[in-house]
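Take a look at the letters that make up each chain.
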Amino acid sequence: MRVALFVTCVNDALYPRTGRAVVTLLERLGVEVAFPAAQTCCGQPQYNTGYRRETEPLVRRYDMAFADYDYVVTPSGSCAAMVRDNYPRIGRKAAAEGRGSGLATAAARSVPKTYELTEFLVDVLGVTDVGAYFPHSVTYHPTCHGLRMLGLGDRPRRLLEAVRGLELRELPGAEECCGFGGTFAVKNAAVSSAMGEDKVRAITGTGAAAVCTVDNSCLMHIGGTLSRQGSEVRPLHLAEILASTEEEPWV
Amino acid sequence: MSGTFVGMPSFPVAAGVAVTDERLRGNLRRATHTIRDKRAVAVGELADWGALREAGKEIKDRTLRGLDGYLVELEAAVTAAGGVVHWASDADEANRIVVDLVRATGEREVVKVKSMATQEIGLNEALEAAGIAAFETDLAELIVQLGEDRPSHILVPAIHRNREEIREIFVRTMSEWGRPAPEGLTDSPAELAEAARVHLREKFLRAKVGISGANFMVAETGTLVVVESEGNGRMCLTLPETLISVVGIEKVVPSWRDLEVFLQTLPRSSTAERMNPYTSMWTGVTDGDGPEAFHLVLLDNGRTATLGDEVGRQALRCIRCSACLNVCPVYERAGGHAYGSVYPGPIGAILSPQLRGIRSEVDASLPFASSLCGACYEVCPVAIDIPEVLVHLRERVVEQGGKGHRLEKAAMKAAGWVLNHPGALGAGERLASKTRKGHPKKLPGPGGRQWGQSRDLPQLPAEPFRDWWKKNRA
Ligand code: SF4
Chain A
1 MRVALFVTCV
11 NDALYPRTGR
21 AVVTLLERLG
31 VEVAFPAAQT
41 CCGQPQYNTG
51 YRRETEPLVR
61 RYDMAFADYD
71 YVVTPSGSCA
81 AMVRDNYPRI
91 GRKAAAEGRG
101 SGLATAAARS
111 VPKTYELTEF
121 LVDVLGVTDV
131 GAYFPHSVTY
141 HPTCHGLRML
151 GLGDRPRRLL
161 EAVRGLELRE
171 LPGAEECCGF
181 GGTFAVKNAA
191 VSSAMGEDKV
201 RAITGTGAAA
211 VCTVDNSCLM
221 HIGGTLSRQG
231 SEVRPLHLAE
241 ILASTEEEPW
251 V
Chain B
1001 MSGTFVGMPS
1011 FPVAAGVAVT
1021 DERLRGNLRR
1031 ATHTIRDKRA
1041 VAVGELADWG
1051 ALREAGKEIK
1061 DRTLRGLDGY
1071 LVELEAAVTA
1081 AGGVVHWASD
1091 ADEANRIVVD
1101 LVRATGEREV
1111 VKVKSMATQE
1121 IGLNEALEAA
1131 GIAAFETDLA
1141 ELIVQLGEDR
1151 PSHILVPAIH
1161 RNREEIREIF
1171 VRTMSEWGRP
1181 APEGLTDSPA
1191 ELAEAARVHL
1201 REKFLRAKVG
1211 ISGANFMVAE
1221 TGTLVVVESE
1231 GNGRMCLTLP
1241 ETLISVVGIE
1251 KVVPSWRDLE
1261 VFLQTLPRSS
1271 TAERMNPYTS
1281 MWTGVTDGDG
1291 PEAFHLVLLD
1301 NGRTATLGDE
1311 VGRQALRCIR
1321 CSACLNVCPV
1331 YERAGGHAYG
1341 SVYPGPIGAI
1351 LSPQLRGIRS
1361 EVDASLPFAS
1371 SLCGACYEVC
1381 PVAIDIPEVL
1391 VHLRERVVEQ
1401 GGKGHRLEKA
1411 AMKAAGWVLN
1421 HPGALGAGER
1431 LASKTRKGHP
1441 KKLPGPGGRQ
1451 WGQSRDLPQL
1461 PAEPFRDWWK
1471 KNRA
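First to last, the sequence lines map onto chains A and B.
My numbering puts the first residue of the first sequence at 1, with every later residue one more than the last.
My numbering puts the first residue of the second sequence at 1001, with every later residue one more than the last.
No lab work stands behind these hints, which were simulated from the structure alone.
Keep in mind that a hint or two might mislead.
Some chain A residues close to chain B (C-beta under 8 Å, calculated; not the full set) [unchecked claim]: (1) 24; (2) 40; (3) 144; (4) 185.
Values in this document were obtained by computation on a predicted structure and should not be read as measured data.
Ideal Cβ positions, reconstructed from N, Cα and C, are used throughout, including at glycine.
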């Protein structure tokens, strides 16, 4: 089983801890992980802002970077959704615009092997108890793309519930968007902020010590709002919790 | 009387103002959360919801594919039943037709049953200019009209108003339009409804001309269908001598049988009812019963152009249930007026820029008025992939260029180059990490300012992942 990590541009530049947590976790589970250096970004920010043509080289690059692997695992629900939902669209449109079928083929190759981390753990490795230990109260925010585009369902919850010492706190209105939405956070800053503030109110209301998601981009928005409000609640990627053990606590 | 949407500011500007209105946000939050929870229950009762949703989508798609044929079939059926069909390519033509039809009756006032198509074309204003008074009879529409306000929701146009505000509007304005509000009116829902009922009754009994919209038109029988909760619509459809229905061409369905699907999905999605209290159907005219003359104005107004767009045309499947508005976190905070159209919320964000084009500020900003969370797609009873259409329309706005987009395009191009050169990307990340001590928590520039209004930036790490990997694993 040849497994590659697609760390994503946001994690690479801003949240390398998440990438390290994924490596720690997967290696602990006996998976040999590779990191193809040719990878960069899935193209989601450009695509969702209306720059479809600009994402085409990134679709090709993704296919090229991960060509030799059976599985691509990424700790980002929205990037996985970008590949699975939008790469085929980008390929089809390029073909429809008379630019050949190459892109469609590249896109088609990427789709079946791309897995969001919790899908990979539960569906491919078949584990829900990853041997983690995290003696803190945690609330979980299911990000929109993980929830609706990927249909992650209760996989993240099942993983969290199996963590020893962890007390999972229910998040009211969990399925409501946190208001990040990529460039939406800047283009419609007022509405985005209002949504973020409501989300943070719900999070702090749980009294949990940490909030976790499967997407650091949403967490950047939530964490930035928590920080501005001087809140003690820690924003954590789910992988960091799963990487934590009694012998080697992550935080 | 009701204001039009001409010259609206862009969505972020209008929404930015609305978001600070605590009362508005409270009203919207309460209303949308109540109805969305109820909808979930009503939909959950049907084991075959998924199949019904798929069937609705299929019927609408099939209809749109053969729209020209179904419209001709409809025209023949309506004509055979004693009605007269008029074709209107745009708002002006539709307004002209209706004004002429009302003038021909010699009447100076009409009663209206809630019709989005007539609001879309600004019919009330056109009638007023022609010296004809139009009275809205749907309760929420009445509130909007009396308040000299604009609708802000598809189903509940006065959703932005609470009970106290409605009482105040009734007391202040009803007397100018007819029967005044009763003495000592309180804000209890029953009293408010009774005041509206008494006020409207007078209009119904006097009116010789009624103007309606329709939820569906059945091609094979020429039947029009209005689905409503109050019964005011039914009065409007049956009491006047002349009935004029103004309907968008996409509202046609091929056969009577197709209603089976929509009469289940529409009420559950919109009012969370298993079945709506009143479903009125009329086919042409009937001797000695109902209106003696029936006119159907078939409205295009940008629909054919929308049909020509392979991705965007799915917006024409919409049955105006308003479920997408009620689950939309952006609508909930921005309010309906920010969308600058009679069609607010997620569906408005994709419908208005298609029907009207993207030249105006508000229309060019609408495709960006979404975080793409997908809640709208999830609830839509005809499975319109609104996020897909939003992104598709963003592309069109970007191509058009204009305000802000030139700079953005240059930035996207530059980012595209870096992202296609991992070496350069790594070097950039390294440099950023090295200089991180000097980085502010807030970014300068307009984008940074906007991000920083309620959020801190994350701290840059000491080392990007790429470099950690090189040192520790490669
Ligand atoms: S887009 Fe779908 S959910 Fe929204 S109003 Fe139309 S039919 Fe209802």
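Now for the hints, and whether the structure bears them out:
{"no.": "1", "hint": "24", "result": "11 Å, violated"}
{"no.": "2", "hint": "40", "result": "4 Å, holds"}
{"no.": "3", "hint": "144", "result": "4 Å, holds"}
{"no.": "4", "hint": "185", "result": "6 Å, holds"}
The structure is inconsistent with hint 1 alone, although it conforms to all the rest.
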